[in-house]
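In numbering that gives the first Met the number 0, the protein residues as written are 0 to 420.
Mixed in with the good hints there might be a few duds.
List time: in silico DSS-like cross-link candidates among lysine-lysine, alpha-carbon distance up to 27 Å [as the list claims (entries may be wrong)]: (1) K337 - K388; (2) K133 - K53; (3) K163 - K53; (4) K79 - K377; (5) K79 - K289; (6) K391 - K264; (7) K272 - K396; (8) K163 - K11; (9) K11 - K53; (10) K396 - K264; (11) K133 - K52; (12) K272 - K247; (13) K247 - K289; (14) K289 - K396; (15) K200 - K11; (16) K264 - K79; (17) K289 - K264; (18) K52 - K94; (19) K175 - K289; (20) K272 - K175; (21) K53 - K40; (22) K52 - K40; (23) K247 - K264; (24) K200 - K94; (25) K79 - K11; (26) K79 - K133; (27) K94 - K133; (28) K247 - K337; (29) K272 - K94; (30) K391 - K79; (31) K163 - K52; (32) K272 - K377; (33) K396 - K377; (34) K337 - K264; (35) K79 - K337; (36) K163 - K175.
Calculated from the structure, these hints are not laboratory results. Please read these numbers as outputs of a predicted model, since none were measured by experiment.
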Amino acid sequence: MESYPFLVIDLKSFYASVECVERGLDPMTANLVVADPDRSKNPLCLAVTPAMKKLGVPGRCRLQEIPGSINYIVARPRMKRYLDCSARIYGIYLKYLSRDDIHVYSVDEAFLHVSPYLSLYQMTSRELARTIMKDILDSTGIPAACGMGTNLYLAKVALDLTAKHSGDFLGCLDEKTYREILWNHRPLTDFWRIGTGTARKLAAVGVTTMGELAHFDEDVLYQMFGIDGELLMDHAWGREPVTIADIKAYAPKSRHLTSGQVLMKDYSYESGKLIVKEMMDQLCLDLVRKNLVTDSLTLNIGYSRACSTDPARGTASLPMETNADAVMIPSILRLYEKIATPGSPIRRINISCNHVVPETCLQYSLFDSPKSLERARKLQQAVLEIRDKYGKGAVMKGVDLLEDATARQRSQQIGGHRRGE
């Protein structure tokens, strides 16, 4: 009897499939794309249906790149609807497996450890996969694909390189079949965790397939990629020791809280400072909500492709562990003034609160007024209470109403996209 301990289930063209089901359309045959025409003149498509892909439309194209000869529906993103549907499908997984054997990889993809359940259900891995996929389709109308493997890596590769292109949307791999079928597969970027930069470095030393990588000098690979070289070598041979239990048990040595956004137009030096202030203000509220404090901030600034300015990065230490906006906003603005390049148009900003730890007590520096900090903290808590009751946009600062501000718009989004209902 075949036995594949791990499954990876992917919800096919998830956002587009949800929109098709809402319209009574078949997700596999309807021509539909999910994009927000209000976002920019040429918005990115967040998803396209399988039927569109068969016509040669890439999954992540620009709206204007779709040939005019194709008739299709444009659906505006509704991120809350997609998250609700994803949660409903997670509930279907729980009908068959314990949450300890499920690892949610993304909103439309999950790893499942099924070997403990095969004898219980008197099923093979393939039969259980089909049962779960059918339950998802019958319950939600969303089609799914599934990769099966003897480890997590092979299950994921089976999904990406075999299941999505098979008639029944099922694929399976063990180490032997992986080497037989995929060692000569090109390009390398089709494999999980190999991006264009990694593939480019490997090509420079004559490695263009997994088979070539498997027989490459491991010492040289380690020199090129450090500890990631060991991971690449393991994956070249189809090996992966990490299990879902290991993922569940992992605890990072340090925690970070981050916020980032890609701006919809080029921002000037002064407008960029406004965005940094808005983002830091929201991060302070997030820290207060979670009863966390930080002792340093990192700011990353990316510039428009139209200019040759290199990205800027800097870190500022805070005088104490804190979540007070009265301390953190001036600190991040001083850092911005230090590292930002005036005259270079800004398109990306990311802020990280480093070494985040639970707040145990209020701590003050010699240079801060305890009364003013306590007043600011009560104000932050009041803002959170109002937003919890009336919505994120219920309380906004004056700067959030300026022309180039984005906080008001982002309060109506999830993950940077239209919230919808």
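Status of the hints after comparison with the structure:
1. Taking the CA atoms of K337 and K388, the gap is about 39 Å. The hint is violated against a cut of 27 Å.
2. Simply put, K133 and K53 have alpha-carbon atoms about 23 Å apart, close enough for the 27 Å limit, and the pair holds.
3. Pair hint K163 plus K53 holds up; C-alpha atoms about 12 Å apart against a cutoff of 27 Å.
4. For the hint linking K79 to K377, the alpha-carbon distance of about 30 Å lies beyond 27 Å, and the restraint is violated.
5. The hinted pair formed by K79 and K289 meets the criterion: a straight-line CA distance of about 22 Å does not exceed 27 Å.
6. For a cut-off of 27 Å, the pair hint linking K391 to K264 stands: about 24 Å separates their Cα positions.
7. The suggested pairing of K272 with K396 holds, with an alpha-carbon distance near 15 Å, which does not exceed 27 Å.
8. The suggested pairing of K163 with K11 holds, with an alpha-carbon distance near 9 Å, which does not exceed 27 Å.
9. Distance hint between K11 and K53 is fulfilled; the C-alpha atoms sit about 14 Å from each other, no more than 27 Å.
10. About 22 Å separates the Cα atoms of K396 and K264, which keeps this hinted pair within 27 Å; it holds.
11. Under the criterion of a C-alpha separation no larger than 27 Å, the hint pairing K133 with K52 is consistent with the structure, at around 23 Å.
12. Restraint check: the Cα-Cα separation between K272 and K247 comes to about 39 Å, which exceeds 27 Å; the hinted pair is violated.
13. Restraint check: the Cα-Cα separation between K247 and K289 comes to about 21 Å, which is no more than 27 Å; the hinted pair holds.
14. Restraint check for K289 and K396: the C-alpha separation of about 21 Å stays at or below 27 Å, so the hint holds.
15. Of the supplied pair hints, the one linking K200 and K11 is violated, its CA atoms being roughly 32 Å apart against a limit of 27 Å.
16. A hinted pair counts as satisfied when its Cα atoms are at most 27 Å apart, and K264 with K79 qualifies at roughly 26 Å.
17. A hinted pair counts as satisfied when its Cα atoms are at most 27 Å apart, and K289 with K264 does not qualify at roughly 32 Å.
18. Restraint check for K52 and K94: not satisfied, since their Cα atoms lie roughly 32 Å apart, outside the 27 Å limit.
19. Restraint check: the Cα-Cα separation between K175 and K289 comes to about 47 Å, which exceeds 27 Å; the hinted pair is violated.
20. Pair hint K272 plus K175 does not hold up; C-alpha atoms about 55 Å apart against a cutoff of 27 Å.
21. Among the hinted pairs, K53 with K40 is consistent with the structure: their alpha-carbon atoms are about 26 Å apart, no more than 27 Å.
22. With a C-alpha separation of about 23 Å, the suggested pair K52 and K40 falls inside the 27 Å cut-off, and the hint holds.
23. For the given pair, K247 sits about 40 Å from K264 by alpha-carbon distance, which is inconsistent with the 27 Å threshold.
24. About 45 Å separates the Cα atoms of K200 and K94, which puts this hinted pair outside 27 Å; it is violated.
25. Of the supplied pair hints, the one linking K79 and K11 holds, its CA atoms being roughly 18 Å apart against a limit of 27 Å.
26. With a CA separation close to 24 Å, the supplied pair K79 and K133 stays within the 27 Å bound.
27. Restraint check for K94 and K133: the C-alpha separation of about 13 Å stays at or below 27 Å, so the hint holds.
28. Of the pairs offered as hints, the one joining K247 and K337 is violated, with about 40 Å between alpha carbons and a cut-off of 27 Å exceeded.
29. Restraint check for K272 and K94: the C-alpha separation of about 49 Å exceeds 27 Å, so the hint is violated.
30. Restraint check: the Cα-Cα separation between K391 and K79 comes to about 14 Å, which is no more than 27 Å; the hinted pair holds.
31. Distance restraint check for K163 and K52: the Cα-Cα separation of roughly 12 Å lies within the 27 Å cut-off, and the hinted pair is therefore satisfied.
32. In summary, the hint linking K272 to K377 is supported, as the alpha carbons are separated by about 26 Å, within the 27 Å threshold.
33. At roughly 16 Å between alpha-carbon atoms, K396 and K377 fall within 27 Å of each other, so this suggested pair holds.
34. A distance of roughly 23 Å separates the Cα atoms of K337 and K264; the hinted pair therefore holds under the 27 Å criterion.
35. Under the criterion of a C-alpha separation no larger than 27 Å, the hint pairing K79 with K337 is inconsistent with the structure, at around 38 Å.
36. About 20 Å separates the Cα atoms of K163 and K175, which keeps this hinted pair within 27 Å; it holds.
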